[in-house]
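**Student:** Read off the chains here:
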Amino acid sequence: MKRRNFLKACLIGGTTIALGKTNKGWASGSFEGYPEAMGVLVDTTRCIGCRSCEAACNKEQKLPEPDTSFDDPAVFEHERRPTSKAYTVVNRYQKEQPSGPVYRKVQCNHCNEPACLTSCFVNAYTKTKEGAVIYNSKICVGCRNCMIACPFNVPGYDYDSATNPIVKKCILCYDTRLKYGKPPACVEICPQEALTFGHRADLIKLAHERIRATPERYVDHVYGEKEVGGTSWLYLAPVGFDKLGFDTTLSNDPIISNVKDFLGMVPMVLSIWPALFSGIHLLCKNQEHDGHGHDTDSNQEDTKP
Amino acid sequence: MSSFKHLLVAALSIGAISVSSPAALQCAPVPDSITLNQNGKLFSPFTFNHAKHIQSIKECADCHHHTTGTLVTDPNCVRCHQNSSPTAVVSCKGCHLATPFSPETLAAKRADKQRFHLDKMGLKGAMHQSCIGCHNKVGNGPTGCQDCHPRTKEGSAFYSSNRKGAKPAHAEEE
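Here the protein sequences line up with chains F and D, keeping their order.
One point on numbering: in my numbering, the residue at position 145 of the first sequence is 145, and numbering is uninterrupted.
One point on numbering: in my numbering, the residue at position 31 of the second sequence is 31, and numbering is uninterrupted.
Everything labelled a hint here was simulated from the structure, so no lab data went into it.
Heads up, the beta-carbon is just placed ideally off N, CA and C, and yes, glycines get one too.
Treat the hints with care, as some may be off.
Said to hold, decoys possible - Here are the in silico distance ranges between beta carbons for each label pair:
id, chain 1, residue 1, chain 2, residue 2, range
1, D, Q114, F, S99, 35 to 41 Å
2, F, G181, D, P142, 31 to 37 Å
3, D, Q114, F, L270, 52 to 58 Å
4, F, E36, D, K120, 20 to 26 Å
5, D, T143, F, P215, 25 to 31 Å
What the hints assert, rightly or not - Okay, derived cross-link-like pairs now, DSS-like style, lysine-lysine, Cα gap no bigger than 30 Å in a straight line:
id, chain 1, residue 1, chain 2, residue 2
6, D, K109, F, K182
7, F, K205, F, K182
8, F, K62, D, K41
9, F, K62, D, K137
10, F, K226, D, K120
11, F, K205, D, K113
12, F, K179, F, K85
13, D, K113, F, K226
14, F, K226, F, K182
15, F, K129, F, K205
16, F, K95, D, K137
17, F, K182, F, K62
18, D, K113, F, K182
19, F, K179, D, K41
20, D, K41, F, K129
21, F, K205, D, K120
22, F, K243, D, K120
Take these sequences, add in the hints, and give me the full structure.
**Tutor:** Given below as structure tokens:
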């Protein structure tokens, strides 16, 4: 094969790959989650901070014994985040307000377009059609990119095992319950029905209906309906979400939107640039070489007689 | 068959019926005490003093919606239930399902396109919200978990209560 043909083929091939990838990237921006995805609506006006959900999660996921009992209110003195030993935690806010404290359960929100999944280069994460974001600990290499990528600071990390360190987080009880259409353990135990399980699409309607029916009870916003492209866990609140520790600065675009334009360029850079620049380099070098060749030839010719 | 089912439901929902009070007797006998949480595993069953609540609240509809007592006054409910007379099924369990999120319940809800009460509370949620909500409002009723139903041995293990008082990890850091 001639060098010129080879370079031409490289260029055409590279462009095709680059364009193909970019189109796929654009298409993912309009993804609004699986139509049959399930979810949980958290009504913070109902939660009484009993922490039964934490206990149920602990038992269902066979997590280690807690530092203190699940009915110890002392934990509310500090804001907590989910860890590898507790996939869900309840925090207390607005303690000083006359309307009484507001409790907020925190766990993986199971994004429609998860940033953890996007950031994982070994594809350990999967967004199932039921809506759960699960992960395969056998594939995980322990890079912890997902911990940095998560806009909600969710994934915890198990440092205890040096040989098999793995990321741990809520999986919506996928293996034991969700797969069979059953609600997660936290929902089932909640005495106040602060957690409502159902199809995500139905829950959004339900949430707006609660706001419409009792506008004095809620602020007019469903957190998670649109944030970072939508999440399977949705929240209703009696006060501004920023007062309950929610990040209200998040964009409605999924996290992947921040990087997909850039990532779309990667195949182009990887495939076209080497071919292009080595082509230019070779051509330049070739001309130089050819020139030299002619020179030597002519020199030789000159010296021949 | 259906009447037998009704009886069964009534018998299940109204645990121990002792003496019927003579007042306000129109259809079903009014139980003086009811055993709640009969199948509780983490918390023991307990006796709810119905008679005492009737004496102090007096208004049946405060807890029973339009199913018994006076007509509803909530403007939202009045739109349809303005003339709703007492129903045959009065117990909480008659309407509020014990399994509000089971696959069967969710499927039935999705299939019934005309259903209005899509956000109907489950039995556990309805009872806790009704009891705790009122006790908080009135300010003299029990609101703690074990104030009504003491924990079983299994329940204590479930809540890891033996670790009570142990310092949480973050407290040690300080």
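**Student:** Now tell me if each hint is right for this structure.
**Tutor:** We went through each hint and held it up to the structure:
A C-beta distance of roughly 37 Å is found between D/Q114 and F/S99, which places it inside the suggested range of 35 to 41 Å. Between F/G181 and D/P142 the CB atoms are about 36 Å apart, so this pair conforms to the stated range of 31 to 37 Å. For D/Q114 and F/L270, the hinted distance range of 52 to 58 Å is satisfied, since their beta carbons lie about 57 Å from each other. Taken as a hint, the range 20 to 26 Å holds for the pair F/E36 and D/K120, whose Cβ atoms sit roughly 22 Å apart.
Here the CB-CB span from D/T143 to F/P215 is close to 27 Å, well matched to the stated 25 to 31 Å. Restraint check for D/K109 and F/K182: satisfied, since their Cα atoms lie roughly 15 Å apart, inside the 30 Å limit. For a cut-off of 30 Å, the pair hint linking F/K205 to F/K182 stands: about 21 Å separates their Cα positions. A C-alpha spacing of about 19 Å is found between F/K62 and D/K41, which places the hinted pair at or below 30 Å, so the restraint holds.
Note on F/K62 and D/K137: the hinted pairing is violated, with a Cα-Cα distance of about 38 Å set against a maximum of 30 Å. A distance of roughly 25 Å separates the Cα atoms of F/K226 and D/K120; the hinted pair therefore holds under the 30 Å criterion. Distance restraint check for F/K205 and D/K113: the Cα-Cα separation of roughly 14 Å lies within the 30 Å cut-off, and the hinted pair is therefore satisfied. Of the supplied pair hints, the one linking F/K179 and F/K85 holds, its CA atoms being roughly 23 Å apart against a limit of 30 Å.
Our distance criterion of 30 Å between C-alpha atoms is met by D/K113 and F/K226, whose separation comes to about 26 Å. A distance of roughly 25 Å separates the Cα atoms of F/K226 and F/K182; the hinted pair therefore holds under the 30 Å criterion. For a cut-off of 30 Å, the pair hint linking F/K129 to F/K205 stands: about 20 Å separates their Cα positions. Between F/K95 and D/K137, the direct Cα distance comes to roughly 18 Å. Compliance with the 30 Å bound is thereby established for this hinted pair.
Between F/K182 and F/K62 the alpha-carbon distance is near 18 Å, which keeps this suggested pair within the 30 Å criterion. For the hint linking D/K113 to F/K182, the alpha-carbon distance of about 22 Å falls within 30 Å, and the restraint holds. Restraint check for F/K179 and D/K41: satisfied, since their Cα atoms lie roughly 25 Å apart, inside the 30 Å limit. With a CA separation close to 33 Å, the supplied pair D/K41 and F/K129 exceeds the 30 Å bound.
Restraint check for F/K205 and D/K120: satisfied, since their Cα atoms lie roughly 14 Å apart, inside the 30 Å limit. Between F/K243 and D/K120 the alpha-carbon distance is near 29 Å, which keeps this suggested pair within the 30 Å criterion.
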